[in-house]
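Engineer: The residues making up each chain are set out below.
There are 2 protein chains.
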Amino acid sequence: MSDKLKRMKTILAEVTDLSRAAAVLEWDQETYMPPGGVAARSDQLSTLLRLSHVRFTSDEVGRLLSELEEETAGLPYDSYEASVVRVTRRDYDQEHKLSPELITEVARASSTARPVWLKARREGDFKLFAPALEKNVELNRRIADALGYKDRPYDALLDRSEPGMTTDELEAIFAELKKAIVPLIADIARHADAVDDRVLYRGFEPAVQVRYALDVVSKLGYDLERGRQDISAHPFSTSFGPGDVRITTRVSRDFFNECLFGSIHESGHAMYNQGMGDDIDRTPLWGGASPGVHESQSRLWENLVGRSLPFWKHFFPSLRSAFPEPLRGVDDEGFFRAVNRSYPSLIRVEADEVTYNMHVLLRFELETELLEGTLKVSDLPEAWNERVKSYLGINVPNDREGVLQDIHWSSVSFGIFPGYTIGNLVGAQLMEKVRADIPDLEAGFERGEFVALLAWLRKNVHRHGRKFTPNELLERATGRPLTAAPWIAYVRRKYGALYGIKPARI
Amino acid sequence: MSDKLKRMKTILAEVTDLSRAAAVLEWDQETYMPPGGVAARSDQLSTLLRLSHVRFTSDEVGRLLSELEEETAGLPYDSYEASVVRVTRRDYDQEHKLSPELITEVARASSTARPVWLKARREGDFKLFAPALEKNVELNRRIADALGYKDRPYDALLDRSEPGMTTDELEAIFAELKKAIVPLIADIARHADAVDDRVLYRGFEPAVQVRYALDVVSKLGYDLERGRQDISAHPFSTSFGPGDVRITTRVSRDFFNECLFGSIHESGHAMYNQGMGDDIDRTPLWGGASPGVHESQSRLWENLVGRSLPFWKHFFPSLRSAFPEPLRGVDDEGFFRAVNRSYPSLIRVEADEVTYNMHVLLRFELETELLEGTLKVSDLPEAWNERVKSYLGINVPNDREGVLQDIHWSSVSFGIFPGYTIGNLVGAQLMEKVRADIPDLEAGFERGEFVALLAWLRKNVHRHGRKFTPNELLERATGRPLTAAPWIAYVRRKYGALYGIKPARI
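Chains as they are written, first to last, in the working numbering: chain A, 1 to 506; chain B, 1 to 506.
None of these hints come from the bench; they were simulated from the model.
A portion of the hints provided could be inaccurate.
Claimed, not checked - Below, simulated SDA-like cross-link-like pairs (lysine to any residue); rule was C-alpha separation at most 20 Å, straight line:
{"hint": "1", "chain 1": "A", "residue 1": "Lys459", "chain 2": "A", "residue 2": "Gly221"}
{"hint": "2", "chain 1": "B", "residue 1": "Lys9", "chain 2": "A", "residue 2": "Ser42"}
{"hint": "3", "chain 1": "B", "residue 1": "Lys219", "chain 2": "A", "residue 2": "Pro35"}
{"hint": "4", "chain 1": "B", "residue 1": "Lys97", "chain 2": "B", "residue 2": "Tyr149"}
{"hint": "5", "chain 1": "B", "residue 1": "Lys119", "chain 2": "B", "residue 2": "Val377"}
{"hint": "6", "chain 1": "B", "residue 1": "Lys9", "chain 2": "A", "residue 2": "Ser46"}
{"hint": "7", "chain 1": "B", "residue 1": "Lys6", "chain 2": "A", "residue 2": "Ser46"}
{"hint": "8", "chain 1": "B", "residue 1": "Lys9", "chain 2": "A", "residue 2": "Leu45"}
{"hint": "9", "chain 1": "B", "residue 1": "Lys9", "chain 2": "B", "residue 2": "Lys119"}
{"hint": "10", "chain 1": "A", "residue 1": "Lys219", "chain 2": "B", "residue 2": "Gly36"}
{"hint": "11", "chain 1": "A", "residue 1": "Lys9", "chain 2": "B", "residue 2": "Val377"}
{"hint": "12", "chain 1": "B", "residue 1": "Lys9", "chain 2": "A", "residue 2": "Arg50"}
{"hint": "13", "chain 1": "B", "residue 1": "Lys178", "chain 2": "B", "residue 2": "Thr483"}
{"hint": "14", "chain 1": "A", "residue 1": "Lys4", "chain 2": "A", "residue 2": "Ser46"}
To be verified - With beta-carbon atoms standing in for the labels, derived distance ranges:
{"hint": "15", "chain 1": "B", "residue 1": "Ser58", "chain 2": "A", "residue 2": "Arg250", "range": "38 to 46 Å"}
{"hint": "16", "chain 1": "A", "residue 1": "Ala13", "chain 2": "B", "residue 2": "Arg463", "range": "34 to 42 Å"}
{"hint": "17", "chain 1": "B", "residue 1": "Asp59", "chain 2": "A", "residue 2": "Arg108", "range": "30 to 38 Å"}
{"hint": "18", "chain 1": "A", "residue 1": "Leu49", "chain 2": "B", "residue 2": "Glu70", "range": "32 to 40 Å"}
{"hint": "19", "chain 1": "A", "residue 1": "Val38", "chain 2": "B", "residue 2": "Ala436", "range": "34 to 42 Å"}
{"hint": "20", "chain 1": "B", "residue 1": "Lys150", "chain 2": "A", "residue 2": "Thr31", "range": "29 to 37 Å"}
{"hint": "21", "chain 1": "A", "residue 1": "Val38", "chain 2": "B", "residue 2": "Asn395", "range": "27 to 35 Å"}
{"hint": "22", "chain 1": "B", "residue 1": "Ser58", "chain 2": "A", "residue 2": "Ala13", "range": "15 to 23 Å"}
{"hint": "23", "chain 1": "B", "residue 1": "Glu225", "chain 2": "A", "residue 2": "Lys119", "range": "20 to 28 Å"}
{"hint": "24", "chain 1": "A", "residue 1": "Asp230", "chain 2": "B", "residue 2": "Met1", "range": "39 to 47 Å"}
{"hint": "25", "chain 1": "B", "residue 1": "Ala485", "chain 2": "A", "residue 2": "Leu49", "range": "50 to 58 Å"}
Every residue gets a Cβ at the ideal spot worked out from N, C-alpha and C, and that includes glycine.
Based on the provided sequences and hints, a complete structural model is requested.
Structural biologist: What follows is the structure, encoded as structure tokens:
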């Protein structure tokens, strides 16, 4: 390794340490911090993040990057040296293109809009929030301009979170999804009685749920020597290094799905980080390839594994031992059916596997239209409600359960929503290849064996960290870039069977 | 406030944020961090502490300090501006006088000596540790030389932790203690049967102990809106700001004192930090006046309050409700007597109130003699054992329970031990004045009222933070500098009564 690369790695390690320290402080804030700690914690976080930004965007890093680009020009694309230089350059340019003034204005606009959004949502009155949203839309546009784009301003925002992805590409994928899923949703609605999920509401002792969930995720492969589970209001996963990747969960006595599937979801994120190579630690290569690819790991374990019949063939006996009372008279298949009930609902974060992507689609459409000026902020609630009716077949009774439900638009954050759907699609696309590579995969699940799946994901996804863009990673792992086909085939097969929908209709 | 002071405060705030972030990471390391987190955490901590040191010792701070010293020359000693400049100067000079090379050498020597000490202690073989200790003694000498001193090298080390305190002053105080306590220890030994503490070993449900201890400390005044209690191997208190001051405790089913008195001790430290003025936050004025003064707050609440009869008159009924089985047939006075049993023992951290200072005295004597070259490292075990015999009247069976017991000498840390005794003395000296100022103090304790004591400590000690040196603080609060007399009078009175020792003898 050259002296220049060594020097750059020293700085990158320091930047990593600062942002990981910030992550520890954020984890503490969501789990254990007493109420009085808010003010000081906010000071500490802003100091750490500012120092990390200043260090990373320093002239020295810029100079080293230029020199190292020459030095590594002849190396293979996927070599360690070329990759660390390429990905560091991408991050460096992104952070450099936004002026300190714009960054300050964005931070100020977000912190102004947050309480306004909270009030508007509480009162169900979009008009209160409209001026703040106007400002945020304008700032999203200015960020897109600052970052630059070829065709459409949304490309710039999308590329920031999902490198290499374009708006046109996503529009084509969402069109395919819409064509397949809107009729499936209608079919499911006509066969709604086929699935009964009342067992999930029979009351499950919270402490036992939390213990059981931790036991399940450790059996799936989440390494507790390098992780732990705590309770927080909103579940999340966070990493302070390869040896310390934590999850949180929440638990409700009255609804079973929250704790177990929340824990599996977060452990999917966490196993991704636990599987990243030690060789890329403390560099910009360490981390998820994109939010969408990260979500693919959580959704894969949550839905394609945790909501599969083979999974429940294995786990249901121990679940029934843990909860003999509420599970009286229920069998593995009945429970599998219950946790897979699908029905159109108003709130994205509560949506099931089939309807979820429609929630994302409408947000993606509205974001691009707002950004491109074809939709005015004042017309947003109407556009929202129309699309919910059109894609999900239900009426939105108020803005609180409609356009005001998500926290995202209270900050300057266009381009994030698509990652949720990309996650679902990537998960199904990877799983299709896993099934081809490991023929007895699901027989293994029935025996409680998940190590083959995890090993496949480690080899083809986890260890690479951010070395490849999402589409590069998918092409290497599955032979083609992002496609909706595997996910569409998966939900048609699974939900066709669950709801007894005739093949002709699907 | 001048622009220069504003600028300096901005830098000091950043330095504070970095060291508080490090404190959060250390807290997490002792409470929740999974085993795999060790390596990354050590990287993060060293980055944070290095950046904090670099920022604080920057030329800009030096320049601002010189300018501000001129600017504040005419202000009263205890004014905010003069104090922040004076205390920042003290810290700045201390950090500057040690060269980066010496700091690196000290860090390296400590991390080399730690495993050697662990092995030597495990095998009870001082000879293994002797070479590492030789090196540490030499480095302590070099630190003393670098810091500078008038009379004796130990002055430099002492002044670093207990500003303004001298070796001669401490020697005089310890001589007074030795004269009073050695005979008292012998008297207690002759009346050992007077106190029976077998009740403490009857088995107390750990979870109930932890809950009960938290309830007690919150009644004493530890504010849980700005704090919390967790479990760790070694109890400690830590602060991330005035709104977030935490304690940890440990618990043993087989020995009652550990959890409750540990929690009270740590809450004494924590109430000190919770009582520091908001006006001094994020400056070097925020923090304890010295480790000794900090210890005075923990020992005051632990011993002078928590081991007093009025305390137990109030708390014993609720303790008996919490533990009806082990406390069957015991009354408040019997329990008060049990928790105050005094007997000479080998291990400092397990020593009772009377014998504790003798453990500190012998370490102080040995440290000064090693530093001044009148004692050779090879002769240390013999010197240790002789003094334990002479001060406590017991034989040391092996080095593990003798000279190798403390972690302190495995790093370069001479000058720290005296703080433990200073804490005991300061606590008693303050309490004597509190009793004079609040005549019905102990009647209040019996009624469960501790707010008058806390208010007195807030006003006279806590709110000042590091504004005054220990002796300045004591003179302002009690009218005189550190003296052993109040503590000697207190233990003579209390233990004389407990053990039925005739006044003539004491």
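Engineer: Hint by hint, note whether the structure agrees.
Structural biologist: Here is what the structure says about each hint:
1. With a C-alpha separation of about 14 Å, the suggested pairing of lysine 459(A) with glycine 221(A) holds against the 20 Å cut-off.
2. Annotation: proposed proximity of lysine 9(B) to serine 42(A) holds, straight-line Cα distance about 17 Å (limit 20 Å).
3. A hinted pair counts as satisfied when its Cα atoms are at most 20 Å apart, and lysine 219(B) with proline 35(A) qualifies at roughly 19 Å.
4. Between lysine 97(B) and tyrosine 149(B), the direct Cα distance comes to roughly 12 Å. Compliance with the 20 Å bound is thereby established for this hinted pair.
5. For the hint pairing lysine 119(B) with valine 377(B), the CA-to-CA distance comes to about 18 Å; that is within 20 Å, so the pair holds.
6. Between lysine 9(B) and serine 46(A) the alpha-carbon distance is near 16 Å, which keeps this suggested pair within the 20 Å criterion.
7. This hinted pair checks out: lysine 6(B) and serine 46(A) have alpha carbons roughly 18 Å apart, not beyond 20 Å.
8. Of the pairs offered as hints, the one joining lysine 9(B) and leucine 45(A) holds, with about 18 Å between alpha carbons and a cut-off of 20 Å not exceeded.
9. Restraint check: the Cα-Cα separation between lysine 9(B) and lysine 119(B) comes to about 46 Å, which exceeds 20 Å; the hinted pair is violated.
10. At roughly 18 Å between alpha-carbon atoms, lysine 219(A) and glycine 36(B) fall within 20 Å of each other, so this suggested pair holds.
11. A hinted pair counts as satisfied when its Cα atoms are at most 20 Å apart, and lysine 9(A) with valine 377(B) does not qualify at roughly 43 Å.
12. Distance hint between lysine 9(B) and arginine 50(A) is fulfilled; the C-alpha atoms sit about 17 Å from each other, no more than 20 Å.
13. For the proposed pair lysine 178(B) and threonine 483(B), the alpha carbon gap of about 14 Å is at most 20 Å, so the pair holds.
14. Simply put, lysine 4(A) and serine 46(A) have alpha-carbon atoms about 30 Å apart, too far for the 20 Å limit, and the pair is violated.
15. The hint said 38 to 46 Å for the Cβ distance between serine 58(B) and arginine 250(A), and at roughly 45 Å that hint holds.
16. Checked against the given bound of 34 to 42 Å, the beta carbons of alanine 13(A) and arginine 463(B), roughly 41 Å apart, stay inside it.
17. Take aspartate 59(B) and arginine 108(A): their Cβ atoms lie about 33 Å apart, and the range 30 to 38 Å holds.
18. A hinted range of 32 to 40 Å for the beta carbons of leucine 49(A) and glutamate 70(B) is consistent with their spacing of about 36 Å.
19. Between valine 38(A) and alanine 436(B), the C-beta spacing of about 40 Å keeps the proposed range 34 to 42 Å intact.
20. The hinted window of 29 to 37 Å between lysine 150(B) and threonine 31(A) is violated, with their beta carbons roughly 51 Å apart.
21. The supplied range of 27 to 35 Å is broken by valine 38(A) and asparagine 395(B), whose beta-carbon atoms lie about 55 Å from each other.
22. Evaluation of the 15 to 23 Å hint for serine 58(B) and alanine 13(A) yields a pass: the beta carbon distance comes to about 22 Å.
23. Separated by about 25 Å at the C-beta atoms, glutamate 225(B) and lysine 119(A) satisfy the suggested range of 20 to 28 Å.
24. For aspartate 230(A) paired with methionine 1(B), a C-beta distance near 42 Å keeps the hint of 39 to 47 Å intact.
25. Separated by about 53 Å at the C-beta atoms, alanine 485(B) and leucine 49(A) satisfy the suggested range of 50 to 58 Å.
This entry does not satisfy hints 9, 11, 14, 20 and 21, going by the numbered hints stated previously.
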